[in-house]
Amino acid sequence: EAQVTQNPRYLITVTGKKLTVTCSQNMNHEYMSWYRQDPGLGLRQIYYSMNVEVTDKGDVPEGYKVSRKEKRNFPLILESPSPNQTSLYFCASSPLGEISGANVLTFGAGSRLTVL
Amino acid sequence: LAKTTQPISMDSYEGQEVNITCSHNNIATNDYITWYQQFPSQGPRFIIQGYKTKVTNEVASLFIPADRKSSTLSLPRVSLSDTAVYYCLVGDMDSSASKIIFGSGTRLSIRP
Chain E
1 EAQVTQNPRY LITVTGKKLT VTCSQNMNHE YMSWYRQDPG LGLRQIYYSM NVEVTDKGDV
61 PEGYKVSRKE KRNFPLILES PSPNQTSLYF CASSPLGEIS GANVLTFGAG SRLTVL
Chain D
1 LAKTTQPISM DSYEGQEVNI TCSHNNIATN DYITWYQQFP SQGPRFIIQG YKTKVTNEVA
61 SLFIPADRKS STLSLPRVSL SDTAVYYCLV GDMDSSASKI IFGSGTRLSI RP
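The listed protein sequences correspond, in order, to chains E and D.
For the first sequence, position 24 (counting from the first letter as 1) is numbered 24 according to this note's numbering, and the numbering increases by one without interruption.
For the second sequence, position 78 (counting from the first letter as 1) is numbered 78 according to this note's numbering, and the numbering increases by one without interruption.
Keep in mind that a hint or two might mislead.
[As the list claims (entries may be wrong)] Computed footprint of chain E on chain D; a stretch qualifies when at least three of its residues, placed anywhere within it, have a C-beta under 8 Å from a C-beta of chain E: (1) 14-24; (2) 45-58; (3) 101-111.
[What the hints assert, rightly or not] List of simulated lysine-lysine pairs, DSSO-like, C-alpha gap at most 30 Å: (4) LYS52/D x LYS69/D; (5) LYS3/D x LYS52/D; (6) LYS57/E x LYS17/E; (7) LYS65/E x LYS18/E; (8) LYS57/E x LYS69/D; (9) LYS69/D x LYS54/D; (10) LYS54/D x LYS57/E; (11) LYS57/E x LYS69/E; (12) LYS3/D x LYS65/E.
[What the hints assert, rightly or not] What the simulated footprint calls covered on chain E by chain D, stretch by stretch (three residues with Cβ under 8 Å from a Cβ of chain D suffice, anywhere in the stretch; the number is not a length): (13) 68-81; (14) 107-113.
It is worth saying that the hints were derived from the structure and are not from the lab.
Virtual Cβ for every residue (Gly too), placed ideally from N, Cα, C.
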């Protein structure tokens with residue numbers, strides 16, 4: 001089944017304890033992206049990647065890092081989590097196909113992170 | 001990426017047709033219009049996509065006028081399970097401007 005898999009789905013951690021949220025897709029998509037969703041603020045893009053070793057900042061990159069060493073994986077790293085990073089996180093991927101502008105995102109199920 | 005404007009919320013009843021309009025005045029020639037549906041605590045999922053005129057699939061229809069400055073998502077005979085947030089996106093991920101802005105979406109509530 002074509003899907004985007006995120007882990008963990010739920011995590012409670014403490015301030016300053018480094019954590020990584022993994023994201024893996026099995027559709028050979030070039031484009032991958034991370035979003036956070038907070039009440040009243042909608043979905044905000046954190047980082048995105050157009051392909052292996054190509055990453056760039058979204059709208060809210062502060063406090064996060066990403067890497068894209070393999071095409072299928074795009075982990076989100078919180079080096080020193082803080083309570084304001086408590087949120088629902090989504091990973092998504094998309095092909096960069098021949099029809100410009102017609103690419104469709106496939107989202108993971110989400111990872112709910114709580115930083116105490 | 002073209003900015004979109006949608007109503008914040010809409011209410012309807014089971015069995016009715018619901019139309020959600022999205023305004024995108026700055027749409028570019030290459031831009032497609034894509035709609036996503038999101039249930040609480042789940043990731044958005046693709047509903048429908050179009051470039052011009054009308055597109056229909058098993059879930060919805062998408063109407064796009066000739067000037068493409070707006071689009072209307074039409075959900076026929078809605079049910080309680082259609083209660084969700086609906087996002088309209090316009091843009092192109094192939095360009096250098098690959099930030100994808102979802103906006104606030106339209107919160108659709110269906111009543112019995």
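To see whether the hints hold, each was checked on the structure:
1. Only residues whose C-beta sits within less than 8 Å of a C-beta in chain E count toward coverage, and the stretch 14-24 of chain D has 0 of them, not enough to reach three; the restraint is violated.
2. Counting residues of the stretch 45-58 of chain D whose beta-carbon sits less than 8 Å from any beta-carbon of chain E gives 4, enough to reach three: the coverage restraint holds.
3. For a cut-off of 8 Å, the count of residues in the stretch 101-111 of chain D with a CB near a CB of chain E stands at 5, and the three-residue condition holds.
4. A distance of roughly 10 Å separates the Cα atoms of LYS52/D and LYS69/D; the hinted pair therefore holds under the 30 Å criterion.
5. Note on LYS3/D and LYS52/D: the hinted pairing holds, with a Cα-Cα distance of about 18 Å set against a maximum of 30 Å.
6. For the given pair, LYS57/E sits about 23 Å from LYS17/E by alpha-carbon distance, which is consistent with the 30 Å threshold.
7. At roughly 11 Å between alpha-carbon atoms, LYS65/E and LYS18/E fall within 30 Å of each other, so this suggested pair holds.
8. Annotation: proposed proximity of LYS57/E to LYS69/D holds, straight-line Cα distance about 28 Å (limit 30 Å).
9. Taking the CA atoms of LYS69/D and LYS54/D, the gap is near 14 Å; set against the 30 Å cutoff, the hint holds.
10. Restraint check for LYS54/D and LYS57/E: the C-alpha separation of about 35 Å exceeds 30 Å, so the hint is violated.
11. For the hint pairing LYS57/E with LYS69/E, the CA-to-CA distance comes to about 17 Å; that is within 30 Å, so the pair holds.
12. Simply put, LYS3/D and LYS65/E have alpha-carbon atoms about 27 Å apart, close enough for the 30 Å limit, and the pair holds.
13. Coverage of the stretch 68-81 of chain E by chain D is violated [criterion: at least 3 residues with CB-CB distance below 8 Å; count 0].
14. Under the rule that three or more residues need a Cβ within less than 8 Å of chain D, the assignment of the stretch 107-113 of chain E holds, with 5 such residues.
Hints 1, 10 and 13, counting from the list given before, are not met by this structure.
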